[in-house]
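A.B. asks: So the sequence lines, in the order shown, correspond to chains D and H. For the first sequence, this note's numbering gives the first residue as 37, with consecutive numbering after it. For the second sequence, this note's numbering gives the first residue as 20, with consecutive numbering after it.
Treat the hints as calculated values from the structure; they're not laboratory data. Mixed in with the good hints, there may be bad ones.
Only pairs whose alpha carbons sit at most 25 Å apart, straight line, appear in this in silico DSS-like list of lysine-lysine [what the hints assert, rightly or not]:
#1 H:Lys140 x D:Lys110
#2 H:Lys140 x D:Lys168
#3 H:Lys237 x D:Lys168
#4 D:Lys62 x D:Lys274
Reference listing, derived: stretches of chain D covered by chain H, where coverage requires no fewer than 3 residues with Cβ under 8 Å from a Cβ of chain H [said to hold, decoys possible]:
#5 112-119
#6 250-264
Computed from the model, here is a short list of chain D residues facing chain H with C-beta under 8 Å [stated by the list, open to error]:
#7 Leu86
#8 Pro88
#9 Pro109
#10 Glu123
Just so you know, these numbers come straight off a predicted model, no measurement behind them. Note that beta-carbon positions come from the ideal geometry of N, C-alpha and C, so glycine has one too.
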Amino acid sequence: MIEIRNISKWYGSFQVLTDCSTKVDKGEVVVVCGPSGSGKSTLIKCVNALEPFQKGEIIINRISVGDPKTDLPKLRSHVGMVFQHFELFPHLSIIDNLRLAQVEVLGRGREEAGEKGLALLDRVGLKAHADKFPGQLSGGQQQRVAIARALAMDPFCMLFDEPTSALDPEMINEVLDVMVELAQEGMTMMVVTHEMGFARKVANRVIFMDQGQIIEDAAKEEFFGAPRSERAQHFLSKILNHC
Amino acid sequence: MDFSSIVSALPDLLQGMLLTLKLLVFAVAGGIALGTLLALARLSSNRLLSFLAGFYVNYFRSIPLLLVITWFYFIVPFMLAWATGKMHPVGAFASSLVAFMMFEAAYYCEIVRAGIQSIPKGQVNAAYALGLNYHQAMRLVVLPQAFRKMAPLLLQQSIILFQDTALVYAVGLMDFLNTARSRGDITGQLHEFLLFAGVIYFVLSFIASRIVLRLQSKLAVGQN
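Just need the whole structure built from these sequences, with the hints factored in.
C.D. replies: Here's what the structure looks like:
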């Protein structure tokens, strides 16, 4: 489904990603973790070409992301993405947030898009808030709307870029619950997160990154059981003490 | 002081004010439209486009408006003649309108540019991630937010433009001030007419700037 082959990326002369390779198969949930500045957010943004990369290749459903001939808007419309800071459009109501791309990109009618939007809002438990504006919702509610907005495009995979990092602790679970449900329904997911509880529960594989490199890429049991690299062990010991 | 002739001049003064307002409305609309295009060009990743837009803006901000108005009065007919092969009388109104649009576009451009730049990159990324292309992202996500943020500044600039329209006396247009001046000359009550014109300009500008203030506080509340 998603194949990342030998990706390298530089900001000027500073190398942020070094020779990263991994893949996410259909129905798989892959969690990417690592200390801040390790390049995990950059890597996931490369997957739908929000960040350009200079070397390597990313293939989504047999389409090469870096190929200048690729119709990027079309490709992105099939790849859902959820951001750390939600990024709902503040000038549009919740339902219009969900409707916008359905109408403009997929060419659905306003009514159809609205129905689809309401159904998804219902699913994340926010149907009653359809006519409010993003600023009137809590962070956790906004992030659930953002997930619904991505799902409205019927994506074949979902990317999550630290979806709970900007949330107050009491709101983290309401977002994770939606994500767990999504994973259990078989959605292909690539998730950058520090939530190891989430990884334990639904991840198939865990990737550990440090200094722009993929240090570890292992099945969940293996990763939590006995990470091979010292850096991953160190990271885990620090992060798991918190849980 | 004798204000008696002002009453009989009111229909003329109203005509003058209508011309002023007509000029204002078209110049604001055209200026913001052109200014927005210039802002997009200035922010474009295309270096040539960005350079040309930057040059345009810096150029028009470096010359007096009065010069632009007189210039266009003499040059626009020639440009049309050059483009179409024969001479068309353009008239002071049309040439002044073009002059205002092009001059003000330089100022509106900088306001809109600041507005666009104030929208977080994450909003653009979110728009792209949903499959919107550049034009859709700008039109549906970035510009509506930028205009909302910049509305007070755009209005403020338009109030300045309202006052600047008086410069069309240079090409003989009978706008509000020019009408007042000429009626004052004829009736020998120039002082009274000029005072009256000053009061009217003050009242209209003052009302408009109160609207700007209300808008500012309203937008500040609606921000979260």
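A.B. asks: Which numbered hints turn out to be false for this structure?
C.D. replies: 4, 6, 8
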